[in-house]
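Number of protein chains: 2
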Amino acid sequence: MRKYKIAFIGAGNVATHLATELKKCGHEIVQIYSRTEKSAKQLADSLETNYTISKESITEEADIYFVALKDSAVDEVLSEINFGAKLLVHCSGSLPMKVLSEFAKNYGVFYPMQTFSKSRKVDFKKIPIFVEASSEENLHILEEIANEVSESVTVLDSEKRKSLHIAAVFACNFANHCYAMAAKYLESKELPFEILRPLIMETAQKVQELHPKDAQTGPAIRFDENIINSHLSQLKEMPDLQELYNSISKSIFEHHQEKQ
Amino acid sequence: MRKYKIAFIGAGNVATHLATELKKCGHEIVQIYSRTEKSAKQLADSLETNYTISKESITEEADIYFVALKDSAVDEVLSEINFGAKLLVHCSGSLPMKVLSEFAKNYGVFYPMQTFSKSRKVDFKKIPIFVEASSEENLHILEEIANEVSESVTVLDSEKRKSLHIAAVFACNFANHCYAMAAKYLESKELPFEILRPLIMETAQKVQELHPKDAQTGPAIRFDENIINSHLSQLKEMPDLQELYNSISKSIFEHHQEKQ
Numbered sequence: 001m002r003k004y005k006i007a008f009i010g011a012g013n014v015a016t017h018l019a020t021e022l023k024k025c026g027h028e029i030v031q032i033y034s035r036t037e038k039s040a041k042q043l044a045d046s047l048e049t050n051y052t053i054s055k056e057s058i059t060e061e062a063d064i065y066f067v068a069l070k071d072s073a074v075d076e077v078l079s080e081i082n083f084g085a086k087l088l089v090h091c092s093g094s095l096p097m098k099v100l101s102e103f104a105k106n107y108g109v110f111y112p113m114q115t116f117s118k119s120r121k122v123d124f125k126k127i128p129i130f131v132e133a134s135s136e137e138n139l140h141i142l143e144e145i146a147n148e149v150s151e152s153v154t155v156l157d158s159e160k161r162k163s164l165h166i167a168a169v170f171a172c173n174f175a176n177h178c179y180a181m182a183a184k185y186l187e188s189k190e191l192p193f194e195i196l197r198p199l200i201m202e203t204a205q206k207v208q209e210l211h212p213k214d215a216q217t218g219p220a221i222r223f224d225e226n227i228i229n230s231h232l233s234q235l236k237e238m239p240d241l242q243e244l245y246n247s248i249s250k251s252i253f254e255h256h257q258e259k260q
Numbered sequence: 001m002r003k004y005k006i007a008f009i010g011a012g013n014v015a016t017h018l019a020t021e022l023k024k025c026g027h028e029i030v031q032i033y034s035r036t037e038k039s040a041k042q043l044a045d046s047l048e049t050n051y052t053i054s055k056e057s058i059t060e061e062a063d064i065y066f067v068a069l070k071d072s073a074v075d076e077v078l079s080e081i082n083f084g085a086k087l088l089v090h091c092s093g094s095l096p097m098k099v100l101s102e103f104a105k106n107y108g109v110f111y112p113m114q115t116f117s118k119s120r121k122v123d124f125k126k127i128p129i130f131v132e133a134s135s136e137e138n139l140h141i142l143e144e145i146a147n148e149v150s151e152s153v154t155v156l157d158s159e160k161r162k163s164l165h166i167a168a169v170f171a172c173n174f175a176n177h178c179y180a181m182a183a184k185y186l187e188s189k190e191l192p193f194e195i196l197r198p199l200i201m202e203t204a205q206k207v208q209e210l211h212p213k214d215a216q217t218g219p220a221i222r223f224d225e226n227i228i229n230s231h232l233s234q235l236k237e238m239p240d241l242q243e244l245y246n247s248i249s250k251s252i253f254e255h256h257q258e259k260q
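Quick note, the sequences are listed as chains V and X, same order. For the first sequence, the residue numbers in the working numbering are 1 to 260. For the second sequence, the residue numbers in the working numbering are 1 to 260.
The set of hints was computed from the structure by calculation and includes no laboratory data.
You can't tell identical chains apart in this list, so a pair holds if it fits in one copy or across any two.
Using 16 Å as the maximum straight-line C-alpha spacing, the simulated EDC-like pairs for lysine to aspartate or glutamate come out as follows: (1) 184 to 254; (2) 213 to 187; (3) 55 to 75; (4) 189 to 157; (5) 24 to 123; (6) 125 to 143; (7) 118 to 209; (8) 184 to 214; (9) 121 to 214; (10) 160 to 190; (11) 160 to 194; (12) 5 to 21.
Given these sequences and hints, build the entire structure.
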């Protein structure tokens, strides 16, 4: 496998995990750029490489530039950089590939669909990676790199990737917020969040085999109005939780009606 | 350990899993009652015991009666039965223990906090069980039985158990609904739900170590309005998903503000 010189633009959760993994596979991480010096330095130190916080100093030595920024920052950060014929790749679920066409001739997307927190190690082999590129040749490069880090690599166009990202927001970010609301409520009652951990694991494990519509349990799916009303009444003291309880229960109810 | 004669009132998901487990521990399941003959027969057959669909025929031979019905059915089903001095136990998260006081002298609660689907085996040892009883002696009986089936047994009063149940609805039922909405959306775009499974597992695994507020990722927590608005606009074709996306994102945003 060819090994590349890679620069990272961005030093957040995705950059941290991906750069670390690419280095492990033998690629050379030649530079980290971030507007936040602390993040840039931290990642560069852990990879034993250089960093910069000045766009003018972004290296010209890399073969591939991975952009792992929040979507709204991409345009602004890239605007004054000339990537020439280098391969410019973003890691976003939502951003169309085409946004890169004004900054480089060769470009593509490398989207690892996972929830990354800096403090937590992940097994990259299990992370589905979705790739797309401006040419067959670029696609081949990205597929090759993706196959080095993961067992699950799929070529997917920008539109489908965006749909996937929306689904991922529901399945991951929104599910985690449900955990957070549970924790908030328990803690207000002086009960520890820890006691929910086995339930959370089983809820996720169930849908590894079942479809979630067949895994649904609880008062909303049983139309158990007594419980629902009693819960809503008890949640009066926390209107934000009450509102969320109401919206989601209504949605479960409606979704269940559709199925019938 | 003393082994008891146990009757089940109810033959749904909780009854099925709990009765099966109690039989494994050496207790005798003497009868299953359900208003639905199919459920009663199915569970009784699998336990090689008898069933009835007539309240008048509920056995007097049991030492303990486990009530695993939806909360709204408990009053109606129990109303014409005389339990005398037998131990009457319900398995509900939300129902106060006191509701049983009009039907029996000895009563208690045995609440296994888990999401049960008939088609899926669970490891009962890992399921937290919360018990409460009308007397020390009854509590001792329920604790002893709970300790046979689970490694995690806690004595908890009705009020705290109700709070716990509300939290469980968020962490399990609502999280699963997030998976279901993700599946619905993916399938509308001809993408398979399966590709979300690793993400769902990691999302649950993260909070086995981290607190969910430290595990939150995604556009809402980053205040990435570009993505949020673009997602909301793409969800126009599915107003129910759009509404839910909006409510939950708003809640993530507000929750994050509180923390700061």
